[in-house]
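Could you put the whole structure together from the sequences, leaning on the hints where they help?
In order, the protein sequence lines correspond to chains A and B. Residue numbering for the first sequence is 1 to 597, as defined by our numbering. Residue numbering for the second sequence is 1 to 164, as defined by our numbering.
Keep in mind the hints are simulated off the structure, nothing from the lab. From a predicted model like this one, the values you see are computed outputs, not experimental measurements. There is no bait here: all hints are sound.
Chain B is faced by these chain A residues, among others (derived, beta-carbon under 7 Å):
#1 Glu-53
#2 Thr-363
#3 Gly-583
Note that beta-carbon positions come from the ideal geometry of N, C-alpha and C, so glycine has one too.
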Amino acid sequence: MQIYRGHVLVCAGTGCVASGSRNVQAEMEKQLEAFNLDKEIKLVETGCHGFCEMGPIVIVYPEGIFYCRVQPEDVKEIVEEHLLKGRPVKRLLFKNQITEEMVPHYKDIDFYKKQNRIVLGNCGFINPENIKEYIARDGYEALAKALTQMTPEQVIEEIKAAGLRGRGGGGFPTGLKWEFARKAPGDKKYVICNADEGDPCAFMDRSILEGDPHALIEGMAIAAYAIGSDEGYIYVRAEYPLAIKRLKIAIAQAHELGLLGEDIFGSGFNFKLNIKEGAGAFVCGEETALIASIEGRRGEPRVRPPFPANKGLWGKPSNVNNVETFANVPRIIARGSQWFADMGTEKSKGTKVFALTGKVKNTGLAEVTMGITLREIIYDIGGGIIDDKKYKAVQIGGPSGGCIPEELLDLPIDYDSLISAGAMMGSGGLVVMDEDTCMVELARFFLNFTQMESCGKCTPCREGTKIMLDILERITKGEGKEGDIELLQSLAETIKSTSLCGLGQTAPNPVLSTLRYFRDEYEAHIKDKRCPAGACTALASYRILEDKCIGCTSCARVCPAKAISGEVKKPHKIDPAKCIKCGACIETCKFNAIVKQ
Amino acid sequence: MEKCNCRNSQLSAILARYTGQEGALFNVLQDAQELYGYLPEEVLVSISNHLGRPFSEVYSVVSFYAHFRTQPRGHNLIRVCTGTVCHIMGALQILARISQELGISMGGTTRDGAFTLGSLPCFGACSHAPVIMVNDDLYGRVTPGRVPEILAKYSCREALTTSS
Ligand SMILES: Cc1cc2nc3c(=O)[nH]c(=O)nc-3n(C[C@H](O)[C@H](O)[C@H](O)COP(=O)(O)O)c2cc1C
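What follows is the structure in structure tokens.
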């Protein structure tokens with residue numbers, strides 16, 4: 001085997017690819033060859049490191065030097081200075097936002113310091129397209145242990161004792177679910193992985209699929225052994241082409257080594273995995289809808305019971321779990337339930353991966369121990385609010401979740417504390433909002449989403465969300481009426497308690513939680529026809545400040561509606577009748593002479 | 001027209017491949033769309049006849065999933081991300097600007113067939129919000145002011161010469 005003196009890791013996760021990591025990788029390959037280093041330094045394409053804000057990310061080992069926002073033109077310098085002469089390139093290091101100090105090592109960067117990377121432990125460190133790198137990090141040892149030293153019942157007991165709960169949103173105890181499927185009568189059973197990840201702005205599952213696909217495969221194989229199944233399906237959103245490609249490679253490699261297929265580890269256990277691509281319907285993330293979709297039908301949810309554990313895919317007992325749930329399984333089996341149960345809060349064990357996005361300085365994926373506070377996530381890991389604006393709220397759990405205001409930032413987060421705060425864990429999306437976000441408009445946005453994604457099977461969800469959306473649209477346009485808030489509340493309660501599936505049952509949450517914490521904003525829209533955040537376009541007007549405008553004419557030139565007029569070197573004016581409120585003028589004005597009110 | 005015949009024989013091959021399999025309809029639709037670029041009515045009719053399923057059932061599956069299209073698409077596909085972060089970072093202003101530049105609204109196609117405007121379900125490029133995608137090219141941290149410059153890269157001339 002070839003021994004290398006160093007490794008260069010280039011992130012090939014979707015975030016970094018979006019900021020150009022493919023070109024960086026190509027250039028690196030070229031430069032390593034040009035300097036004759038390709039036999040000494042190994043170039044590795046990895047999955048996501050989670051710090052997408054700073055992409056493209058390049059890490060150099062053995063030192064563990066972390067370079068961020070690397071561009072192809074920087075590559076030569078890294079090769080020449082660092083790899084050849086041993087001098088890290090200072091200007092490409094991460095800079096601490098407060099102290100402005102350079103932070104060369106990745107584990108010293110604030111973004112990573114408070115994290116506890118277990119599920120994401122391999123992401124960014126191994127080449128996901130090479131099964132041997134997973135095996136070198138003890139991959140498939142847990143499967144070997146389960147198959148050769150444990151009975152299926154013992155595996156289930158271990159998962160139960162660990163206290164693992166479903167990471168797909170509901171938080172149902174995983175071991176218990178497996179037990180139902182094991183006890184269900186039937187000789188053909190299925191294990192299904194829900195990789196539909198439909199919540200906007202949640203991308204933790206994608207990161208696992210792209211960065212450590214074997215952890216999912218191993219977790220599914222262990223689950224199959226536990227419930228007595230020999231076949232599995234991974235239902236992946238079609239929007240994740242890279243994840244699908246890597247999964248296919250991983251399944252093929254596992255087959256080649258006999259880690260999937262027949263008589264795995266000589267134990268007599270067989271397991272076969274299929275991939276099913278979604279076709280762009282959010283509701284297919286609901287487990288009964290997902291099953292209908294695999295069967296090739298409209299992905300409409302159905303009434304439960306019977307639960308999939310008894311009557312699932314093709315009518316057979318089936319067990320559905322989320323990607324992150326499965327990825328926890330090999331770690332629990334390998335290290336023992338006690339190790340896992342020692343982490344977290346009383347009722348929520350282990351870690352959770354959050355996608356931290358919105359108006360925070362450091363965006364990306366953060367895996368933290370359950371029980372951490374939102375303040376720690378947003379300020380310590382996230383580095384605080386962009387431009388040091390005022391924090392307003394964080395939306396947790398996407399369209400089925402709720403918002404958390406400033407006064408609850410010190411709440412230790414787990415499944416149950418979030419529910420009592422009117423939000424929910426959901427898939428783990430955390431969208432941070434500052435004073436410029438209007439909470440009524442945000443509620444309208446989410447209702448618009450759920451209303452469009454409602455499958456239409458049950459009336460409360462189909463009609464109810466539409467009526468709620470109509471009311472919210474009126475309010476944000478300044479056409480709200482006395483009584484609208486009460487009507488929203490009563491509709492919300494009815495929809496929650498009478499809808500068929502989780503989509504309808506949780507759709508009103510964003511409205512209820514914004515009403516709970518930001519009722520004054522609704523009232524300002526309804527009574528004063530005013531948007532306190534200045535975000536609702538219909539209620540906003542643009543104005544040029546005469547004392548600041550120098551008459552440079554640049555706004556008049558960019559205005560697509562020709563709504564700005566004035567003489568050169570004299571203050572300009574906006575004609576409100578023509579203004580389409582697109583904001584192009586504010587964007588071009590160099591003198592801060594245009595305000596939105 | 002020649003092309004059409006050849007496609008029809010490819011459609012027969014797709015139908016033959018999946019016939020009798022469980023969940024065949026969905027797979028046939030996916031492959032057929034790849035072949036034609038969209039799902040024209042006559043194709044749906046022949047799928048319905050061939051699989052022996054009522055047309056209403058075929059259509060109900062097509063209309064359910066966002067990925068299935070029954071209208072041809074313009075030569076360039078512009079998609080504006082509709083995720084939460086892009087929304088709070090100003091996606092609507094960008095959409096408005098694109099609509100204005102091209103004279104079409106969401107879901108529409110320009111008369112010369114050069115552009116179709118659609119939405120992009122969030123795929124997690126949130127660190128670059130707001131994002132838009134033109135064909136396979138991703139543009140991050142877009143502002144309304146950058147829209148004309150981005151669109152100019154995909155000129156109509158190119159659209160007419162390369163579409164066939
Ligand atoms: C509308 C709707 C969408 C859902 N989307 C997802 C999803 O994208 N991914 C997921 O894992 N679970 C999703 N769920 C939850 C699943 O129904 C199911 O509870 C979950 O996959 C079970 O896995 P777990 O126990 O490992 O969490 C969704 C539920 C609803 C009602």
